[in-house]
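**Student:** Here's the letter readout for the chains.
2 protein chains.
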Amino acid sequence: MPQLRMALAQVNPTVGDLDGNTDLHVEWARKAADAGAHVVVFPEMSLTGYPVEDLSLRETFAEASRARVQRLAGLLADAGCGDLLAYVGYLDRDEAGPRDAAAALYRGEVVARQFKHHLPNYGVFDEHRWYKPGRTLDVLRLHGLDIGMVICEDIWQEGGPVAALGDAGVDVVVAPNASPYERAKDDVRLPLVARRAAEANAPIVYTNLIGGQDDLVFDGDSIVVGTDGELLARAPQFVEHLLLADLDLPSGEHAPEGEYEGLRVRRRVLSDEPAPAFEPPAEPAISEPLPDEAEVWSALVVGLRDYVRKNGFRSVTFGFSGGIDSAVTAALAVDALGADAVYGVSMPSEYSTEHSRSDAAELARRLGCHFRVEPVADMVRVYVDQLKLAGTGLAEENIQARVRGMLLMALSNLEGHLVLATGNKTELAVGYSTIYGDAVGGFAPIKDVFKTHVWALARWRNAEAEKRGETPPIPENSITKPPSAELRPDQLDTDTLPDYALLDDILDDYVEGDRGFADLLAAGFDPAVVDQVVRMVDRAEFKRRQYPPGTKITFKAFGRDRRLPLTNAWRETHEGA
Amino acid sequence: MPQLRMALAQVNPTVGDLDGNTDLHVEWARKAADAGAHVVVFPEMSLTGYPVEDLSLRETFAEASRARVQRLAGLLADAGCGDLLAYVGYLDRDEAGPRDAAAALYRGEVVARQFKHHLPNYGVFDEHRWYKPGRTLDVLRLHGLDIGMVICEDIWQEGGPVAALGDAGVDVVVAPNASPYERAKDDVRLPLVARRAAEANAPIVYTNLIGGQDDLVFDGDSIVVGTDGELLARAPQFVEHLLLADLDLPSGEHAPEGEYEGLRVRRRVLSDEPAPAFEPPAEPAISEPLPDEAEVWSALVVGLRDYVRKNGFRSVTFGFSGGIDSAVTAALAVDALGADAVYGVSMPSEYSTEHSRSDAAELARRLGCHFRVEPVADMVRVYVDQLKLAGTGLAEENIQARVRGMLLMALSNLEGHLVLATGNKTELAVGYSTIYGDAVGGFAPIKDVFKTHVWALARWRNAEAEKRGETPPIPENSITKPPSAELRPDQLDTDTLPDYALLDDILDDYVEGDRGFADLLAAGFDPAVVDQVVRMVDRAEFKRRQYPPGTKITFKAFGRDRRLPLTNAWRETHEGA
Chain A
1 MPQLRMALAQ
11 VNPTVGDLDG
21 NTDLHVEWAR
31 KAADAGAHVV
41 VFPEMSLTGY
51 PVEDLSLRET
61 FAEASRARVQ
71 RLAGLLADAG
81 CGDLLAYVGY
91 LDRDEAGPRD
101 AAAALYRGEV
111 VARQFKHHLP
121 NYGVFDEHRW
131 YKPGRTLDVL
141 RLHGLDIGMV
151 ICEDIWQEGG
161 PVAALGDAGV
171 DVVVAPNASP
181 YERAKDDVRL
191 PLVARRAAEA
201 NAPIVYTNLI
211 GGQDDLVFDG
221 DSIVVGTDGE
231 LLARAPQFVE
241 HLLLADLDLP
251 SGEHAPEGEY
261 EGLRVRRRVL
271 SDEPAPAFEP
281 PAEPAISEPL
291 PDEAEVWSAL
301 VVGLRDYVRK
311 NGFRSVTFGF
321 SGGIDSAVTA
331 ALAVDALGAD
341 AVYGVSMPSE
351 YSTEHSRSDA
361 AELARRLGCH
371 FRVEPVADMV
381 RVYVDQLKLA
391 GTGLAEENIQ
401 ARVRGMLLMA
411 LSNLEGHLVL
421 ATGNKTELAV
431 GYSTIYGDAV
441 GGFAPIKDVF
451 KTHVWALARW
461 RNAEAEKRGE
471 TPPIPENSIT
481 KPPSAELRPD
491 QLDTDTLPDY
501 ALLDDILDDY
511 VEGDRGFADL
521 LAAGFDPAVV
531 DQVVRMVDRA
541 EFKRRQYPPG
551 TKITFKAFGR
561 DRRLPLTNAW
571 RETHEGA
Chain B
1 MPQLRMALAQ
11 VNPTVGDLDG
21 NTDLHVEWAR
31 KAADAGAHVV
41 VFPEMSLTGY
51 PVEDLSLRET
61 FAEASRARVQ
71 RLAGLLADAG
81 CGDLLAYVGY
91 LDRDEAGPRD
101 AAAALYRGEV
111 VARQFKHHLP
121 NYGVFDEHRW
131 YKPGRTLDVL
141 RLHGLDIGMV
151 ICEDIWQEGG
161 PVAALGDAGV
171 DVVVAPNASP
181 YERAKDDVRL
191 PLVARRAAEA
201 NAPIVYTNLI
211 GGQDDLVFDG
221 DSIVVGTDGE
231 LLARAPQFVE
241 HLLLADLDLP
251 SGEHAPEGEY
261 EGLRVRRRVL
271 SDEPAPAFEP
281 PAEPAISEPL
291 PDEAEVWSAL
301 VVGLRDYVRK
311 NGFRSVTFGF
321 SGGIDSAVTA
331 ALAVDALGAD
341 AVYGVSMPSE
351 YSTEHSRSDA
361 AELARRLGCH
371 FRVEPVADMV
381 RVYVDQLKLA
391 GTGLAEENIQ
401 ARVRGMLLMA
411 LSNLEGHLVL
421 ATGNKTELAV
431 GYSTIYGDAV
441 GGFAPIKDVF
451 KTHVWALARW
461 RNAEAEKRGE
471 TPPIPENSIT
481 KPPSAELRPD
491 QLDTDTLPDY
501 ALLDDILDDY
511 VEGDRGFADL
521 LAAGFDPAVV
531 DQVVRMVDRA
541 EFKRRQYPPG
551 TKITFKAFGR
561 DRRLPLTNAW
571 RETHEGA
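Here the protein sequences come in this chain order: A and B.
Going by full-length UniProt numbering, the first sequence opens with residue 1, and the numbers climb by one from there.
Going by full-length UniProt numbering, the second sequence opens with residue 1, and the numbers climb by one from there.
Keep in mind that the hints were calculated from the coordinates and are not lab data.
Any given hint could turn out to be false.
No copy is singled out in the list; a pair is fine if it fits within one copy or between any two copies.
[Said to hold, decoys possible] Simulated crosslink set (EDC-like; lysine to aspartate or glutamate; CA at most 16 Å straight-line):
hint, residue 1, residue 2
1, K388, D378
2, K388, E374
3, K388, E415
4, K556, D54
5, K388, D335
Work out the full structure: start from the sequences and follow the hints.
**Tutor:** Here's what the structure looks like:
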């Protein structure tokens, strides 16, 4: 049976960095050629990075991207990869507008350019804004085998481009992807791709991006699925990787060029001689997906690392309060950047407890990161005296949080660190934070992690350390003590908020599920608590708008996933309309 | 010839406020009935407010909106407006998903529900995210005359729903709209509507919203255009208004129900008896559009007023620096809210000049608003001493700006004012502002006004005052002195930035026009200056993300109009790709 060796180049490009991304393609195509591959498949928009957002509308950028694809064809040939058929994602543009495109490069030439057909316009995606849909499918014959291609969302459509390729007839389908990570999304991808393989009547070679881009992180998890739906190969998550798969392909008699499912299928022969016989790789390369907590931790580490690195920072600074949020943020930052890149700052006020100060110091000791103490009492006092804030409650509490924010920004100005905000999703949901205070920062690593999940991650990370015989990074006390903002004497979060387990349950239904009051009552929640939570969430929209970005790990993250008006008089109530 | 009296209810609803908006509809329908109108046309989504953004996806809200339309039909009949045919915009939802809808209410019943066909998904619009498109058109016969309807974007399409109505045959077309204000947009609307009137072979009754909603402001400018393109009536801009137009309609023989231009046209007869004869209104009601500066000023006043009012604030506070930006913001705030709602704060540092202090005081005196002086020296000193910031440049400069931001937030916490940020578009474009410093605020009234335009508005506002024999609100000195942030001795904006006239010219091409380097050189700009400006703009994206919203007045405002990645290595350069 004719064979092809397919290589999936699961790489981490940087948005807009055409030079760096070009080098990345040459490097990984070279690896694929060295491994004896006949075809290498890069992810969606691999040459430009993804998503480029409104850069898609910039004509100069589209022109540069088009020119790069052409140039890359020559560079690959010069690098001795000319006989490798390389699928490369890029931004195209024609008279109709910008296109989410992939090109096939072979022997120094661009032998096909195809555009994405289905443009997602929900969740974090605005692709009807950014692109025009394609209407053609290019099938290339290499070594006597017919290769079709679809891009990302195309593979989520039943009866779409994959079905058209199935009708026309192909021996294998390659699918460049940029599918952002969400918890448990990998459970969805494999059955989906298996259904499409059946529709195509051919194996599917699905390459996904890895790496962080602003609030998105891509987990890779590239797969090869046989015609019968069997998983043939799977790449590890969150790392660059070259996945190889040798496919035995029974080349069939295929239909001619023409219209299938409303799309134009074109065919081009690159070579008809069968590939020389080759030894299959010794190991079947099927990586196991990560368990849930490890997967989330990796997502947060990579999201943070790439935001810092791709934006030219070398170090981060943030408040070490002794609490669980800053402790988990610190452990993530050390895993992402190394202890020497992390600058913890303890900023005790007169309401800070002794245990908070010692827990913060203990955290720094365990992590081996930089640590300094900057008391805020003197600064707070000037404001309190000048504005007569003593005993005013919120105004006085906020001053402490804001003095801390200013201190961190001053250290950033002095030493060049990126400031991290340590808020979690629960806090952000109900507005339990001080705008321009603890909300200060360029990035917020645990912004999309609910409070109960923050605790679970802390326990998991400590347990992992113990398994490896290392010191658990997070002081036990930071995990077990009752959470407090410590902005007034004996303050506890539960003075203001419902118990976190209950609160996160309600938020999961209201924020993630977009459910109404009646539904929340039907789920068994107390009406008074639901009312309190819903009001807090609705009123905090203005704080979320000015909050820094952070890595999305849930179905619906705050930010472009959830676009609500600031001015909004609608309140979910018992009465309904 | 049969006649109809049409009423255009150019109203200002609040997003999500179904109770308030219901009352508004009853009140204005009553006015229309009292004026003898046969038909009243409310704007797009008048019952829910516009845009509701992701509230469109909330099932409870859609259900409440549907129920309200039904209830409103009864309320209008109860209020004695039953014989008035009322077109009301609302959010619908069916098995396909949410719909941007308008209903026709008559004698206590909902006699038609129609969905928007063309969904804009560019600029500030994400309507492919929010709605599913309609496929039907409802034509209602009232007093023997056939009335068709199209919603907003539908009227921007050649060969679309209007053409379908033209093919099927109607006597008049009503068009509920929510078309956000942009400078000079009214120049586009009239010729557009005239072209559609020709396509429909019928007059068009175009009602637009007024009022502010977050970063958008709607100017009204509702119009009635005859079959021949003649302007028959025009409402004033930026105020609620009932515009009446008596139309003489030659009722033609029309085609039957069926498919036209791919859309299903349905017909329903409400009444076949001609309307009783009536006197036309004595005055032809054609308001003149405002001259440019007056129009922009009104847009900024209404945008600010409605953000404050619709979010439940009664007063605003912000820094009075003595400079032009805070002076114009103050004059706008007084025009929007009255002098008693404006709390100016002068916050001199050791680098503040004497003239700045006196100009700030003079501004407050002219406006008659509240004014206090809070020196920042003592607060700044504690930071400078504790962190050893003396002579560090940026770190020390930023501390002053941030102390001011904290002071304003503390006053907001104490006294309940909304804090305004006074930055202009030029500053925001090049990042010439301190995040968490002068960028602090809930709303930024002149965020979309270029610096040279700020001066022009100041001169215009002063001249208007002089014409009316009032004191010009803005001290001449604030207009004429060279701009300075006064964060170090003898600092001038031109130390860091090109001359504002040149800078605004480049920004107009780069930000508004999305033009590349070669284009900017072709426009005659110096390559070194272009390079400096482009880099400043690209690097300031993170500051813009955390900036408060402000009223859009240009084609492309910062915010949802311009969505660029934070992590973005693409730079426009001389070399191109």
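**Student:** List in ascending order the numbers of the hints, as given earlier, that are violated by the structure.
**Tutor:** Of the numbered hints given earlier, the structure breaks just one, which is hint 5.
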